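Turn these sequences into a full structure, and let the hints guide you.
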Amino acid sequence: MLNLIQSQKQTLKISPAQIQLLNFLQLNTLELEQHIKNELEDNPILEEGPEDSNEEFDAADEGGLITKAEDRTQDYMDWDEFRDDDTPDYRTRINNFSDDDSEYTPMMAEITTWRDELKEQFHLLALNERQRLLSDFVVDSLTDSGYLNYSAGAIADDVSFTSGMFVEEEEVQEIIQLLRKMDPPGLGARDLQDCLLLQLERLQGPEVAISTKLIKNNFEDFAARNYEKLMKSNNITSDQLKSIVALIGTLNPQPVIGSQTDSLVIKDNIVPDYIITVDGDLIDVELNNRRIPPLKINKSYAKEVGGTRAANTYVNSKLNAANWLIEAIQQRENTMLKSMRTIVKLQEDYFKTGNVRLLKPMVLRDVAERINMDVSTISRVTSGKYAQTPFGVIHLKDLFTEGVLTQSGEEVSNRQIQLVLAELVSKEDKQHPFNDFQLAEMLAERGYPVARRTVAKYREQMDIQAASLRRVL
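If you count the sequence shown from 1, you need to add 662 to reach my numbering.
A few of these clues could be false.
As the list claims (entries may be wrong) - Below, a list of computed lysine-lysine pairs in the DSS-like style, where the Cα atoms sit at most 25 Å apart:
no.	residue 1	residue 2
1	K1119	K1089
2	K891	K904
3	K894	K1092
4	K891	K875
5	K875	K843
6	K904	K1119
7	K1022	K1007
8	K980	K1014
9	K1059	K1047
10	K894	K904
11	K1022	K891
12	K1059	K904
13	K1000	K965
14	K1092	K1059
15	K958	K980
16	K1000	K1059
17	K878	K891
18	K1059	K1007
19	K875	K894
If you are wondering where the hints come from, they were derived from the structure by calculation, not from laboratory data.
From a predicted model like this one, the values you see are computed outputs, not experimental measurements.
Listed below in structure tokens is the structure:
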């Protein structure tokens, strides 16, 4: 027997329209522009342009109304000025192109990849068909940097399995030796040490032999910049070591870096989502809507299409989608403006001067609490968004920083500490660079008590190498 129990509970459900609106907030200007273009192509009810205006006439004297065309003829009363004008009244050219046709399109250059060039070098050699097949397989086995991470035996097994013919390890080894003699130098190297040695084999000079010996026998000490041990073990002076370091510094750690890539990549310029202008004490915030066209409902199409039940259902669905898009764009603009104005108010000193040291500690919750919104909404509004300011284009995520208490009890942004850290590193003696413990002590002397691991974290965020790697002779 079934027992029916009645209970009452409260649940929170997000409708599909709300989820779609949250995803809509996360779009930047370029993504929104593309989304609108797709909607204009898919929805016939939606069209581009301002709202229709019914003003067809201009008011004139008390005698009546004069149209705009008749009013323009009053500007040409002096006919002597235009009697030699041979330009016809009709248009001499058409203007029925869309906005997409006038946009700049980057030229696509036809390029040859370095793998294809390398295969052509092999095909120019006196090789038989079997060796050409092996050479193509070896070239395709190279990494994007030109290294060969597979042994000759592994490549021979792969070729035997894929091509159905038995291949000896010695055959692959011959192709690898040919590869290591081709340009650019360093192709087919097993690791960085092997890559540097291959490049040194093609150089000549008094330091080449010592450099080769140093890389072959003391590579780990050289990578750690243990210069005292290098001079002692190789019986060289400081000046000789400087020449060796300068020579090795000219070598390429990646054989094909900076050469033609496998594909042509076109990077788009950053389009700011906000435009911030400063006029004295007044800071104005506006959205960059120059690329966003105004939208309206095509009422005539909605009235003409209809009659059957299927047609009415189609028109209603497209009409609802068009109305939702227009309202979503308006709601997106209001939310973004409200959030950005709050951010500007919290970081007023920074936007007036552009000085990073004036950035105040700020997290997403600080903005959300002031405009009564959720933290996730503020995250979507600022994620991947940029703002154009009088001192350049900034990423909004860079404005959100953690706070650190100084010895005086004042809370400062960690960006300010990072600037002080970079200043200390730039002024250090490069022969005896500061380690993380010393940097932490120096920051504490300036009133920023931070731990050593915090210094290491800030140093990694600013791409500053460790003390051993910053050392020079």
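Here is what the structure says about each hint:
no. : hint          : result
1   : K1119 x K1089 : holds, 20 Å
2   : K891 x K904   : holds, 14 Å
3   : K894 x K1092  : holds, 21 Å
4   : K891 x K875   : holds, 14 Å
5   : K875 x K843   : holds, 20 Å
6   : K904 x K1119  : violated, 31 Å
7   : K1022 x K1007 : holds, 11 Å
8   : K980 x K1014  : violated, 46 Å
9   : K1059 x K1047 : holds, 8 Å
10  : K894 x K904   : holds, 14 Å
11  : K1022 x K891  : violated, 47 Å
12  : K1059 x K904  : violated, 43 Å
13  : K1000 x K965  : violated, 38 Å
14  : K1092 x K1059 : violated, 33 Å
15  : K958 x K980   : holds, 13 Å
16  : K1000 x K1059 : holds, 17 Å
17  : K878 x K891   : holds, 15 Å
18  : K1059 x K1007 : holds, 16 Å
19  : K875 x K894   : holds, 14 Å
Consistency note: the structure conflicts with the earlier hints numbered 6, 8, 11, 12, 13, 14.
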